[in-house]
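Undergrad: Please take these sequences and the hints and turn them into a complete structure.
Going by this note's numbering, the residue at position 173 of the sequence shown is 173; the numbering climbs one at a time, nothing skipped.
Simulated restraints on C-beta separations:
(1) Pro64 to Arg177: 33 to 39 Å
(2) Glu258 to Gly95: 48 to 54 Å
(3) Asp94 to His226: 52 to 58 Å
(4) Gln174 to Asp301: 18 to 24 Å
Think about it this way: if two alpha-carbon atoms lie no more than 25 Å apart in a straight line, the pair counts; the simulated DSS-like pairs of lysine-lysine are:
(5) Lys200 to Lys241
(6) Lys241 to Lys145
(7) Lys145 to Lys182
(8) Lys248 to Lys200
(9) Lys134 to Lys145
(10) Lys200 to Lys213
(11) Lys213 to Lys248
Calculated from the structure, these hints are not laboratory results.
Small disclaimer: the values here were computed from a predicted structure and weren't measured.
Every residue, glycine too, gets a C-beta built ideally from N, C-alpha and C.
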Amino acid sequence: MIARVPPTHSVFRAIALISLAMMLGACSRGSDEGETVERQAVPAKSSERPAIESLPGVELDALPAGTREIYLRTVHDLLSPCNEPISLARCVSDGSSCRLCPAAARYLARMAAKGFGEDELRALYLNRYGEETKVELPVEGAPIKGALMAPVTIVEFSDFQCPSCRHAAPLLDQAVRALDGKVRLVFKNFPLSHHPFSEKAARAALAAERQGKFWEYHDLIFENQHRLDDLAFEAFARQLKLDLDRFKADFESSEIRERVSRDRSDGIAAGVGGTPAVFVNGREYLGSLDDLIRYLEEELDA
Numbered sequence: 001m002i003a004r005v006p007p008t009h010s011v012f013r014a015i016a017l018i019s020l021a022m023m024l025g026a027c028s029r030g031s032d033e034g035e036t037v038e039r040q041a042v043p044a045k046s047s048e049r050p051a052i053e054s055l056p057g058v059e060l061d062a063l064p065a066g067t068r069e070i071y072l073r074t075v076h077d078l079l080s081p082c083n084e085p086i087s088l089a090r091c092v093s094d095g096s097s098c099r100l101c102p103a104a105a106r107y108l109a110r111m112a113a114k115g116f117g118e119d120e121l122r123a124l125y126l127n128r129y130g131e132e133t134k135v136e137l138p139v140e141g142a143p144i145k146g147a148l149m150a151p152v153t154i155v156e157f158s159d160f161q162c163p164s165c166r167h168a169a170p171l172l173d174q175a176v177r178a179l180d181g182k183v184r185l186v187f188k189n190f191p192l193s194h195h196p197f198s199e200k201a202a203r204a205a206l207a208a209e210r211q212g213k214f215w216e217y218h219d220l221i222f223e224n225q226h227r228l229d230d231l232a233f234e235a236f237a238r239q240l241k242l243d244l245d246r247f248k249a250d251f252e253s254s255e256i257r258e259r260v261s262r263d264r265s266d267g268i269a270a271g272v273g274g275t276p277a278v279f280v281n282g283r284e285y286l287g288s289l290d291d292l293i294r295y296l297e298e299e300l301d302a
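TA: Take a look at the structure:
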């Protein structure tokens, strides 16, 4: 069962959805569900000059003066990710036993260098380290690429007719290969109703999985995304030399239909508003997929 994200998560998703859409041009389910995103007030920020001006292990020299000030004020105001009654800045400065503090401070410095403002830095931090922004995503029975017992799990909600999902596929594969044995990728279907063949494509890929060819079929769909039709799915099965009778029976089976529906329900429960939606160790990844490997390395270092 998925732990639902409390309403307070919407303040973080407001910035996240805007940033992700700008970077990836993500396919949205807003037209399906009428979903809207409301911006909420961010807590007032301290106007006092931070007492801590540098942090061990965090490179700040390259930050412009204004950006550095924003960064220091942010880490001074945020609490430690280990539920200690001290600021993130103090946690790093004092050498606390919390291993997350140095990683979190470096992550925010990297985001500040990209030009994110104070509100965005707070949102990104709370999304990655806050207690209320982690979800439990069921992955049992889902297609997996990479080491089954890897310490880092990526869960992707994808639509086979979404152009951004096609763009994401090789980047996710690259991340799994680059961190071989340390990262696994779990694929979950999230077909959007305004894409006429996405639900059928999802069923076809799961039917191919029954014959051990999910990822090969997955790649074929994305390679031919621009020319999907009702005849394409059987043609792909032939190309992969699948048992066609078995493939067609599985494609039409109630079990496969239920799996697709369950994946989509899992995504909605986790707050997915469009595709691709990527979660790393239960937290939605809000950055560019070009930066994903760096993000995963930070997870492994923490």
